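Peer 1: Letter by letter, the chains look like this.
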Amino acid sequence: MSGKMIGVDVGGTFTDVFVLDEDAGTATVAKVPTTRPDQSGGFLDGIGREVSDLATVGTVVHGTTAGTNALLERKGARVGIITTPGFRDALEMRRRDRRATWGLRGDFDPVVPRNLRLEVPERTLADGTVMTAVDVGAVREAAQALLEAGCAACAIVFINAYANRDNEAAAVAAVREIWPNPHVSASSEILPEIREFERASTTALNAYLQPEVAGYFKRLEGALRDDGFGGQFLIVQSNGGVMAVDTACRLPIRTALSGPAAGVIAAGYIATTAGHPNVITGDMGGTSFDVSLIADGETVLAAQTSIDFGMVVRTPMIEIATIGAGGGSIAWVDKGGLLNIGPESAGSDPGPVAYGQGNDRPTVTDANVVLGRIDPDRPIGGKLKRLDVDAAARAVDAHVGKPLGLDTLTAAEAILTVANSRMAGAIRLVSIERGYNPRRFSFMPFGGGGALHAGAMLAEVGLARAIIPRYPGVTSAMGCVIADMRQDFVQTINALSSDIDLTSLTGTINGHLREGTALLDAAGVRFEGRDLIVELDMAYVGQTHTVSVPLPVEVGQGGVRPPTQGAIDDAFDQAYQASYGRLLAGGVHRVLNLRSAVVGRRPKFDLSTLAPDTAGDIADCQRTTRRVHMGGAWHDTPIYTRLTLPVGAEIAGPAILEQPDTTILIEPHLKGVVDTFGNVIIEAKES
Amino acid sequence: MPDIDPITLAVLAGRMEQIADEMDATLFRSAFNPIIAEAHDASHGLYDAATGETLVQGKSGLPIFVGVMAFAVKAVIDKAARDGDLAVGDTYIFNDAHIGGTHLSDMRLVRPYFRDGEVFCYLASVGHWHDVGGAVPGNYNPSATEVFQEAFVLPPVKLQRNGEVQQDIVDILLRNSRMPQSSMGDLSGQLGALDLGIRRMDALLDEYGVDTVKAALSALGDRAEALTRAEVSELPDGRWEAEDFMDNDGISDEALPIRVAFEVKGDRLTLDFAGSAPACAGPINIALPTAIACCYVAIKHIFPALPANAGVMRPIDIRIPEDSLLSADFPLPTGGYTETILRMIDVIFSAAAQAAPERVVANAYGTINALSIAGRTAAGKRWVMFSFYGGGHGGSSTSDGLNHGNAPISTATIPPAEILEAAYPVMFRQWALRPDSAGAGEHRGGLGAIYEIEVLEQSAEAFLFGERGRFPPKGIVGGADAALNAFHYEGEGGWHQPPLVSKMVGIPLKKGQKVRLETPGGGGYGDPAKRPAADVARDVSLGYVSPEAADAAYGTAWREAHI
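Residue numbers (my numbering), protein chains in the order written: chain A, 1 to 687; chain B, 1 to 563.
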């Protein structure tokens, strides 16, 4: 491996850079403010802090929120859609859902307005028969009209194109002839999967992002090259794998959850390396708490998500459960006298009351400040000089203490108890509710605030231990360096397992394998190995929800060998039994979709690179002592500087470990141990 | 009853809500029929051991069940008291709508949860089964005059004794369905949801103890009541009335009035439906439990912060006249209950809008439009395509109405056209928004939709159960009414409309012939003259409103406006 590896994660507030120099055996991190609207400024600034000569860099991997932000802020391109007669409104009609169950308020503006959705003569039936061949002349006219209307990207979405791509292929070729840029895509290229709204939405959102995000990636790459960078530039996808920058320019929608995905990947690697491959991550931000489960080192993928109401993205992505309980979430008592946390949040601006920036309603962070768990003289992030404890206490009093008849400290603890209970609920959702026993799992908080709540998560959910990674604030940047390269494919099959054409199925798998392999080859990245993962979405006939059925395949000369129908049925039984604990006697099996993933395993770096020295005196690391309120009483609590604690150090609670971007709370009944990789493992004292 | 501290109470409220949510999720994942799996026409919760009142209910289930399940549980409590044989491991099952509300398609499972030898509470699961017999596949029979023509009727009976499923009962259930495998799948999913609820309640009570959880349940009821009183007292005192009409009962072509008086006095609210039509021959009757549950749905739309808890109903008086179509007796048919309760919600909104316009939205499209098309394929295989279709939502003080939404009583999503085309020999010629279907207003209604469906093989029959064919969804605060529901089918000599406009059974269709359903939009909110000309111009440029309709509703100022 030649040269340094750099991971860059651009978040809402900070841009984090993680630089790994394997030859020198060092890793360094930098945190710089994110620049807006063009994030490339902070990106290059952050790298420049740690690396003077880009020629020494082999790989730059980027986890980005550029796509997410453009979707949430509605700052994508003007897009035109060319579609089947009778279906121009499919994108706008959604699946006939609504924003919220109760209240019936709110409307919906699709990213492509109705006047930019044009119909052309064409029709394919559900079985793939072309009933009406596409009128390419009409397609050209439509494309011309869209150009004249100022469209920068064009999406072609025909009904039943998942079953036969011919009409879409002819249309896309005709548009590409006259379209002045590469931002033209057909739904069967982006997502050849049944369900017209989900396919149309994913294709349209991809087109919506293409000009903006591709431009951003190209600007970054150009700037890197100008500074002498000659290595590979890779982008993290929502599925936790990386892709080459060219692929990302073509499929920017696959970056929708890029940043959070990289964090989960890093967490999985850190935990597995530390000997705990079952881990639940908890990323506590200003407005939300994001939870993800990793079992035996493997992340769980979800098939789709909604970025906002009606903005459905269907590409494989790391499953992350989100609840509105972050540091900035506001505590309030409703008219019936019940204490609630969120969903309203003070965010980071104005932020908690203690920030003194104009908010006067108490937040979760304010409760931590009032209880002495956060040091008011050393606020995280370095933006503020001092936190206003008194103002936080007054707010807790006025909005929670008084209405509930509690004193200030009890009210602050009440806020944390309810917030912790909601956060624990999110952990139960991804663990107990999915059949995982939480006692077999560790909790890994990352982001700024999670480590204050680790003990509560252990107590509430019964998790075995907490693992606080050495740099919880830059986990996503580290994940960029760790992630494998991965390309996902899907094809709707929609046939009974008894009727399935095994030769054609195998041909499709091999097509995916060829295309994926070509993309891996073209990236110029060194891989330790390659994997082909094949899954079938299957169900009993008559059932709506499918289960994901792993299909064992072996890659040999000329691709994979055809599976037998027996192997497919057996695999279904196994997967169904695992999901539902029972089979249906005499049930007929249906195969809805084929999903393939081609993975290039990138070399992993040695995490002990990050570890502190083994020598050193724990007592020297104690900075001071502070009164901290826990379990209804004040405790004189030693405060340690976390990063200087030596490997093997054991700190008995009560204690607080501080580092620039995180505060770790060790409650009286817990202890923290620094492991050989520099993680702090928090467990019950007696274990 | 011991007092409970506010912290434990807040924690337990979240924990119990999560148990009900998880029961919902379990059934949605494992159910066979798309009405449950995709449309979430199901619900789960915890109910009071003595009264059956709702204690906690899942957030993702069908809104109408939030109020109605209490009646189902009460029916089981009464039955068990009569028989005197309630035991651990029992589960009752029934679909009798006259005692349990809604309609016969909804199969209710009710199980006592015992703790320390006593019933601590009941767990219940309700789900809309694909087919439960009767004259019409899918059970929406607009020409039924007795429940027996709608489906087979099952009173509360023990499905499980000592945890053992009574195979005799299962055999009866399956033999009475056109889709036995689907029924079996749903039944097994509902039992799975109840099993899960029992496990989670065991864990919760182990952790917190019986007394604490009981105290929490009692406190949550009191707080729900307090919250409701606080919300109601923000409304001005007074009495406001509204009326609307059902097209007909599916038997004779006579309009049927639904009337309400919405009366606020301090922190109490009365909904009085005096003057509504008497019970009718056809299936737009509803049973009393349904009418009361429907009022709960309307109130929760007006006050979205209210919890799913029986305490909400304590300060609310609901008066349903005896012998009206809102309290029909057995065996009058109730299969089309959805249509009637949508109209009840419409009149409640129209009356409440006079009291507090900023809190209320204008009428939504107001009909479920249950359309089934059934036939045999060229290979001789029977098929039934059954779906509900969407329409526009009403405008409100804060925004235009939503285009193509689901009904206020439901959160059901519509199946994709591609899934329907892959499953049945049909082709959608149109799946589109319907221009000029929304009511004009300062905030206009959302658009309804046009669905045009062609039969591709052999022949088929269509069945429609709709409403709003003669009386359009209403605007509020000066907003205009939306367009009427319109259904046409191809037959001898071209396109036809059903004699009863919105309801018809057995419409014969040959290969190549089409049906066309055009659904209403939502009513408008506020005086159309107040709508900015630029917004009208945008509506015209997007094709939501035709230039002629814009001129008529808003005047011609938009023609000079810049978008």
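Keep in mind that the hints were calculated from the coordinates and are not lab data. As the structure is a prediction and not an experimental result, all values here were calculated from the model. We put the beta carbon where it would ideally sit given N, CA and C, even for glycine. One thing to keep in mind: the hints can contain errors.
[Claimed, not checked] When the alpha-carbon atoms are kept at most 27 Å apart in a straight line, the in silico BS3-like pairs for lysine-lysine are as follows:
#1 A:Lys335 - B:Lys514
#2 A:Lys402 - B:Lys511
#3 A:Lys335 - A:Lys31
#4 B:Lys381 - B:Lys511
#5 B:Lys59 - B:Lys265
#6 A:Lys402 - A:Lys31
#7 A:Lys604 - A:Lys385
#8 B:Lys214 - B:Lys79
#9 A:Lys671 - A:Lys685
#10 A:Lys335 - B:Lys381
#11 B:Lys265 - B:Lys381
#12 B:Lys265 - A:Lys335
[To be verified] Reference excerpt, derived from the structure (chain A facing chain B, CB under 10 Å, subset only):
#13 Arg95
#14 Gly106
#15 Pro121
#16 Glu196
#17 Gln543
#18 Trp634
[Said to hold, decoys possible] Pairwise CB distance ranges, derived in the manner of DEER restraints:
#19 A:Asp109 - B:Ala561: 36 to 44 Å
#20 B:Thr398 - A:Phe527: 49 to 57 Å
#21 B:Ala423 - A:Glu528: 39 to 47 Å
#22 A:Val130 - B:Ala423: 18 to 26 Å
Peer 1: With reference to the structure, classify each hint as holding or not holding.
Peer 2: Here is what the structure says about each hint:
{"no.": "1", "hint": "A:Lys335 - B:Lys514", "verdict": "54 Å, violated"}
{"no.": "2", "hint": "A:Lys402 - B:Lys511", "verdict": "72 Å, violated"}
{"no.": "3", "hint": "A:Lys335 - A:Lys31", "verdict": "43 Å, violated"}
{"no.": "4", "hint": "B:Lys381 - B:Lys511", "verdict": "16 Å, holds"}
{"no.": "5", "hint": "B:Lys59 - B:Lys265", "verdict": "30 Å, violated"}
{"no.": "6", "hint": "A:Lys402 - A:Lys31", "verdict": "41 Å, violated"}
{"no.": "7", "hint": "A:Lys604 - A:Lys385", "verdict": "39 Å, violated"}
{"no.": "8", "hint": "B:Lys214 - B:Lys79", "verdict": "24 Å, holds"}
{"no.": "9", "hint": "A:Lys671 - A:Lys685", "verdict": "5 Å, holds"}
{"no.": "10", "hint": "A:Lys335 - B:Lys381", "verdict": "58 Å, violated"}
{"no.": "11", "hint": "B:Lys265 - B:Lys381", "verdict": "60 Å, violated"}
{"no.": "12", "hint": "B:Lys265 - A:Lys335", "verdict": "19 Å, holds"}
{"no.": "13", "hint": "Arg95", "verdict": "4 Å, holds"}
{"no.": "14", "hint": "Gly106", "verdict": "6 Å, holds"}
{"no.": "15", "hint": "Pro121", "verdict": "13 Å, violated"}
{"no.": "16", "hint": "Glu196", "verdict": "5 Å, holds"}
{"no.": "17", "hint": "Gln543", "verdict": "5 Å, holds"}
{"no.": "18", "hint": "Trp634", "verdict": "19 Å, violated"}
{"no.": "19", "hint": "A:Asp109 - B:Ala561: 36 to 44 Å", "verdict": "19 Å, violated"}
{"no.": "20", "hint": "B:Thr398 - A:Phe527: 49 to 57 Å", "verdict": "53 Å, holds"}
{"no.": "21", "hint": "B:Ala423 - A:Glu528: 39 to 47 Å", "verdict": "45 Å, holds"}
{"no.": "22", "hint": "A:Val130 - B:Ala423: 18 to 26 Å", "verdict": "20 Å, holds"}
In summary, the structure is inconsistent with hints 1, 2, 3, 5, 6, 7, 10, 11, 15, 18 and 19 from the numbered list given earlier, while agreeing with the others.
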